[in-house]
Amino acid sequence: MYGLLQAFAKWLEGTPWGTGVRTSLWAYPFTQLIHFTGLSIWLGTNLALDLRLLGLGKRRETAAELRDDLFAWNWIGFCIVVLGGFLLFSSTATTFLVNVAFRWKLGLFVPLALLWHIFVQWKAREWGATQDAPAIAKFSGLAEILLWVCVITAAVEIPYH
Amino acid sequence: MWEALEQMGWVKTFGSTGWMYASVSVVHYLTMFWFIGSMAVVDLRVMGVAARKRNLTELSAQIYPWAWTGMVLAIISGFLMFLTDAGDWAPDRVFHVKVGLIVISIVFAILVQRGAPKWAALPEIPNSAKVIAAIALLLWIATILTASEIPAMEGLG
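Chains as they are written, first to last, in my numbering: chain A, 1 to 161; chain B, 1001 to 1157.
Calculated directly from the structure, the hints in this document are not laboratory data. Just so it is clear, CB atoms sit at the ideal spot from N, CA and C, and this is done for glycine as well. A portion of the hints provided could be inaccurate.
Said to hold, decoys possible - Covered by chain B, per the in silico footprint, the following chain A stretches (three or more residues, Cβ under 8 Å):
{"hint": "1", "region": "30-43"}
{"hint": "2", "region": "67-77"}
{"hint": "3", "region": "144-157"}
Using the sequences and the hints, build the whole thing.
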C-alpha cells in the first residue's frame, strides 16, 4: 500500500503540473494563492455556521438559515482548496509523503474534520430551526472549530519536520 | 528602531520558543481565513451570486461582526509575528505592498458593510454596489497573493 503511494507521489512529481509548480519562479506563490483563497471561503463559511450553532455573536439568522445561505460557496471553496492543495502536493509529493506533520494533517485531521463538518452541516437544519440550538449542536460546533485548529496546527508544523 | 523592537526580552522569548510562535501562526492563519471568507460571502451576495434568497441586510448584519472580530485577531497575531523579525520586515517592499493592500481592503470592507442596508432597500442592487463588492473581494485575493510572494521573492517569513 505504502509502496503504491510512493509510486504515485513519484509519478505526480514528474507530471507537467508537478514539475511546473516546483521549477517555475512564479507558479508556487500563485498555487498557494489558490489554496489559501479556497481555504478562506471554506473555513470562513464553516466557522460562521459553527459560531452560530454556539450562539456567539449576532442572531439575525438562525443556524438553519445560515447553513442554507453558505452551503453553495462552502463547497465551491472546498473544491478550490483541493485543487490548490493537489497542485502544491504534486510539486514535492515524495517529500510531503515522509513528512510527519503532513501525515497527521492529511492522514488523520483532514478526514476527521471533513466528516465532522458534513455531519454538522447535515444536522444544522434540524438543530438550527429555532434561535437557540441544543447543547449537542453547541458541542458539535465547538468540536468542528477545534478540529480545524488541529488541521492548521499540523499544516504550520510541516516546514519544521 | 525596528531592531530594538526585535531585541525586547519578551519578543526574543516569543520568537525563539517553538510552540509560542507556532501557536500565534495558527491563530494568524485561522482568523485570516475566517474573516476573509466570511466577508467574501457578503461581497458575493452583493454581486448577486451567493445566498440570493436571503435579504442582504440580514446576511451582512449576521456576518460582519464576526468578520471584524477575526480581523482584529489576525492583525494582533500578525503584528506579534512581525515583531520577532521587525528589522527585516519593516524595510521590505513587498511587505509594504501587503500592508497597503490591507488598509485599502479595510476601507472597501467598511464601504460594503455601510452600503449593504442602503442597497438592500432599493428595488435592485445597483451596479456601482456590485463593482465595489467585486473590488473588495479582489483586494483580499491580492493581499493573499502578496503574502505568498514575500517568502517566494524575499525569503522572509
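Quick rundown of the hints versus the structure:
As drawn, the region 30-43 of chain A meets chain B at 10 residues by the rule of a beta-carbon pair under 8 Å; at three or more, the given contact holds. Restraint check on the region 67-77 of chain A versus chain B: 6 residues with Cβ-Cβ distances below 8 Å, three needed, restraint holds. Only residues whose beta carbon comes within less than 8 Å of a beta carbon in chain B count, and the region 144-157 of chain A has 7; three or more means the coverage holds.
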